[in-house]
Every structure is written in C-alpha cells, then in structure tokens.
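Chemist: So the sequence lines, in the order shown, correspond to chains E and G. Mapped onto full-length UniProt numbering, the consecutive letters of the first sequence carry residue numbers 1 to 242. Mapped onto full-length UniProt numbering, the consecutive letters of the second sequence carry residue numbers 1 to 242.
It cannot be assumed that every hint is accurate.
Because identical chains cannot be distinguished in the list, a pair is counted as satisfied if it fits within a single copy or across any two copies.
[Stated by the list, open to error] In the EDC-like style, the derived pairs of lysine to aspartate or glutamate whose C-alpha atoms are separated by at most 20 angstroms in a straight line are:
| no. | residue 1 | residue 2 |
| --- | --- | --- |
| 1 | K202 | E190 |
| 2 | K202 | E120 |
| 3 | K202 | D160 |
| 4 | K56 | D231 |
| 5 | K202 | D231 |
Rather than coming from a laboratory, the hints here were simulated on the basis of the structure.
Number of protein chains: 2
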Amino acid sequence: MERDTRKQKREKKMGLGVPALPLTLGVHVLGVVAIILVLVWTINFRGGLAWDSPNKALIFNIHPVLIIIGLIVHGGEAIISYKAFPLKKEVKKLIHLVLHAIALILGIIGIYTAFKYHNESGIANLYSLHSWLGIGVIVLYGIQWIYGFVIFFFPGGTPDIRRYSLPWHALFGLFVFVLAVGTASLGFLEKLTFLENSGLAKYGSEALLVNFTAIITILFGAFVVLTALADAPAAVDDYEAI
Amino acid sequence: MERDTRKQKREKKMGLGVPALPLTLGVHVLGVVAIILVLVWTINFRGGLAWDSPNKALIFNIHPVLIIIGLIVHGGEAIISYKAFPLKKEVKKLIHLVLHAIALILGIIGIYTAFKYHNESGIANLYSLHSWLGIGVIVLYGIQWIYGFVIFFFPGGTPDIRRYSLPWHALFGLFVFVLAVGTASLGFLEKLTFLENSGLAKYGSEALLVNFTAIITILFGAFVVLTALADAPAAVDDYEAI
Numbered sequence: 001m002e003r004d005t006r007k008q009k010r011e012k013k014m015g016l017g018v019p020a021l022p023l024t025l026g027v028h029v030l031g032v033v034a035i036i037l038v039l040v041w042t043i044n045f046r047g048g049l050a051w052d053s054p055n056k057a058l059i060f061n062i063h064p065v066l067i068i069i070g071l072i073v074h075g076g077e078a079i080i081s082y083k084a085f086p087l088k089k090e091v092k093k094l095i096h097l098v099l100h101a102i103a104l105i106l107g108i109i110g111i112y113t114a115f116k117y118h119n120e121s122g123i124a125n126l127y128s129l130h131s132w133l134g135i136g137v138i139v140l141y142g143i144q145w146i147y148g149f150v151i152f153f154f155p156g157g158t159p160d161i162r163r164y165s166l167p168w169h170a171l172f173g174l175f176v177f178v179l180a181v182g183t184a185s186l187g188f189l190e191k192l193t194f195l196e197n198s199g200l201a202k203y204g205s206e207a208l209l210v211n212f213t214a215i216i217t218i219l220f221g222a223f224v225v226l227t228a229l230a231d232a233p234a235a236v237d238d239y240e241a242i
Numbered sequence: 001m002e003r004d005t006r007k008q009k010r011e012k013k014m015g016l017g018v019p020a021l022p023l024t025l026g027v028h029v030l031g032v033v034a035i036i037l038v039l040v041w042t043i044n045f046r047g048g049l050a051w052d053s054p055n056k057a058l059i060f061n062i063h064p065v066l067i068i069i070g071l072i073v074h075g076g077e078a079i080i081s082y083k084a085f086p087l088k089k090e091v092k093k094l095i096h097l098v099l100h101a102i103a104l105i106l107g108i109i110g111i112y113t114a115f116k117y118h119n120e121s122g123i124a125n126l127y128s129l130h131s132w133l134g135i136g137v138i139v140l141y142g143i144q145w146i147y148g149f150v151i152f153f154f155p156g157g158t159p160d161i162r163r164y165s166l167p168w169h170a171l172f173g174l175f176v177f178v179l180a181v182g183t184a185s186l187g188f189l190e191k192l193t194f195l196e197n198s199g200l201a202k203y204g205s206e207a208l209l210v211n212f213t214a215i216i217t218i219l220f221g222a223f224v225v226l227t228a229l230a231d232a233p234a235a236v237d238d239y240e241a242i
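Looking at chain E on its own, in the form it has when it is part of the complex (with noise of 0.2 angstroms):
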C-alpha cells in the first residue's frame, strides 16, 4: 500500500516513467568510447601530450582531454549519480559532489592548458563564441558546485531553501551541462577548421574522427539528460527526503 502511494508519486511527478538503470549503461558505455576517441586523436593524430614542450601543439592536446574526462564525463556521470546506484541518499549526494568537484578542477586546468598553449605560441586570447561561452560554462559551473554545496552539503540551508532550490539546482545544473556540451562540441569544429585551413583532408580519416568524437559527445549529453529525467532504482525518494 505504501509502496504504491510511493509509485503514484514517482509518476505523477515524473511524465517518462521509465527507468534509469538501462540508460545510465548507455551514459558510462558513450562516456568510455568519447574519452578513447579523444585520446586517439590527441595521441594518434597530434603528436600526443605534453605540459611542457618546444612543440607546443602538444600542450594544446591535453586542453581537449581533460576536458571531456572532466567536465564533459565526470560532470555527466556526477548528474546521473542520483540515478546510477540503488545507495543511501547521502552517499548519493558525497558521489554526485566529488564527481562534480573532479569536474570542475578538470574542466580548470583544461582552460588553463588553452591559455598557455596561446600565449606560448603567440596566439590571440578570448576572441572566439567557443572560448567565450567556455569562460561563461565554467564560471556557472564554479557558482553552481558552491551553491550546492553551501545548501545541500555543509553548513546546509533551512529545509524550505532546500526544497525551493532543488528543482533549480537540478535544472540550472542540466543548463550549465548542456551549455558544456555544445561549447566542446564548438571546440571540435573550431579545431577541426584550423586544421582544414591549413591543409588537413576535409574528408579524411581524422576529421571524420574529429566529427564523430563530437557526435559521441553529443549523444552523451543526449543520454544524460534523458537519464536525469527518468525514474531512480531506489525506492528512496530525493525530492522527498532533502
């Protein structure tokens, strides 16, 4: 009886009604081959990584990886967090905001490797939509982790603030997430264009791996925003319990 007034709730809230489990196998399979992709064609068709290097395009590669490991992987594994694991929900919560913490410093380093690539090698800063609305993802990103964690974590706000900010937290976060996606997705093509200008096959084997990195990531994000709107495997209701 419990167990039903619990399901009726869930789906009244709820317009999918599907269940998460399924699609949170879809969201680590695109998340693994997304990072594999973006690893061969840093390693296999750039030379590979370096921190340091008189080739400097090497410090360019590791601005693409760390940022699909980080904010694009860990950032989409941290929101599907709440829908992964059959857990209690505060280990939930500790999983959903380390993983967004991995993301976040990732995801600054990463920027960082952009910068130092450009002013080792002479080129411009900040010009660009992708370097723009990378600087705004981050920033929201940063703003976004505090606020969850100042309400939700430690010291934690009055339970009316929490349960007035959760849809908003949830949401905000899915805008910020999806904004990430399309600014890497940007990223891709900006690349790719400056490769293309300078003589790279438009047709060739690296740029179809360039374009189908981007879609994988793409269809990643797809897959996490749909697991992010489908039902939990625990009975523990979060909207509920906060």
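Knowing the structure of chain E, use the given hints to seat chain G on it.
Modeler: Chain G in isolation, oriented as in the chain E frame:
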C-alpha cells in the same frame, strides 16, 4: 475547491511552479533581437541577400537569415505557443503546428541556399560537423512534425497512443530544438572562423556582432526551454485534455 485541486495537480506535475507569461515576453524580445542582429550582419556587413547573383556570398547570406527566422525563432515560438496565450486547446494546437510548419519550410529553403552557394562557388558539401548536424536536425524536425500531425491532429491516434506519446513528443521536440540552437551556434562560429582566416579582425565590430548574435540565439533557446517547463496561463490543462 475545484480550483485548489487543479492548482495542486499542476504543482505536482511541474516542479518549477513559475508562471509562463513573463517568460514568453523574454522569448519574443530575444527572438526579435536575434532576427535584427542577423539582418544587420548579413545586410550591413556582408553586402545583402540575393537568390541569384554573380557575388555568390549574397546567396550564402540567405542561409543564416532563414535559419534564424525559421527553425530557431518560429520553431521556438511554436514550442511555447501552448504557454503564450490563454486560448482554447484546439486553437493553440493549430498555432503550434502551423508555426512549426513555417519553421520547417524556411529551414529546408535555408539549408538549400547553403548547398546552392557551395555548388555555385565550387565549395565542398557536407564535410563539417555543422552540416552533418544540420541535416540531422532537419530530418528529425520533419519526422517529429509528421508524427505530431498524424497522432495529434489528423487522423489522430487512439487516446492511449496520444497519452503515452505526448511527454515523448514534448521531450523529443525540445531535444531537436536544442540541437538546432547548438547547430546554429556552430554555424556562426564556422563562418566567422572562415572570415577571420581571410583577414577579418578577430576583435573587430563584425566579429563581436556575430558572437553576440550567437549568444542571443542561445539565450533565446534557454528561455524557450524554461517557458516550456513553466505553467500555462489558462486553466485548461493540456496534459489532461489530450
């Protein structure tokens, strides 16, 4: 008493509980601004629009104008049509499908002009992420429109099919719309990168104009999604009355 129950139901269904009407104003204003900016760019900075011309760049200019007016602004207004007016459901449905039809037709003509420009200028087709996603968006948009027409308008599906389809129709529609906004942003970045490679100043007024047009387009998209998640002004409950 009846009003209370209805209000409670609405609140259960949608976590945000904000009224849509003020948000629709933001959508209209941002949409008009986006259209003005893309016209200023293509007419004042890029020499104007032409269907046939020895100056092939004028043919290209039709592409961003039709995509922004059509797929983006008419598409976005179509999405929020259920939230923008306190009208009868059948009238709102007609507005919804007609606006989407206009968006789709302008989108198809807009994509055609990009091919026309490429073919008449000897530029390769369909090698970039922008072009791949653009084809994806227009195909998905067409499928979504036909499905919506057949199931929800004429001849119409069974009540069960309508009830189960509606949240998926809304979610898939938002996905295609967000993908369209992202693809438009890729287009702005791609075109500007080509122009900058041909000598356009990276921090000049045209570069800033194009980047701001893209940012206004993204903000328009964000307001459309937010409005779609907000409460409709009428007492008519669209989900209950399908």
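Chemist: Does each hint hold? Answer for all of them.
Modeler: For each hint, the structure was consulted:
1. In this homomeric assembly, K202 and E190 come within 20 angstroms of each other (Cα to Cα) both inside a single copy, at 13 angstroms, and across copies, at 14 angstroms.
2. Proximity of K202 to E120 under the C-alpha cut-off of 20 angstroms is restricted to the inter-copy arrangement: shortest distance 19 angstroms between copies versus 28 angstroms within a copy.
3. Taking identical chains as interchangeable, the C-alpha atoms of K202 and D160 are never at most 20 angstroms apart, the minima being 55 angstroms within one chain and 48 angstroms between chains.
4. Neither within a single protomer nor between protomers do K56 and D231 lie at most 20 angstroms apart by alpha-carbon distance, with minima of 47 angstroms and 52 angstroms respectively.
5. Proximity of K202 to D231 under the C-alpha cut-off of 20 angstroms is found in neither arrangement, the shortest distances being 43 angstroms within a copy and 47 angstroms between copies.
The structure is inconsistent with the numbered hints 3, 4 and 5, although it conforms to all the rest.
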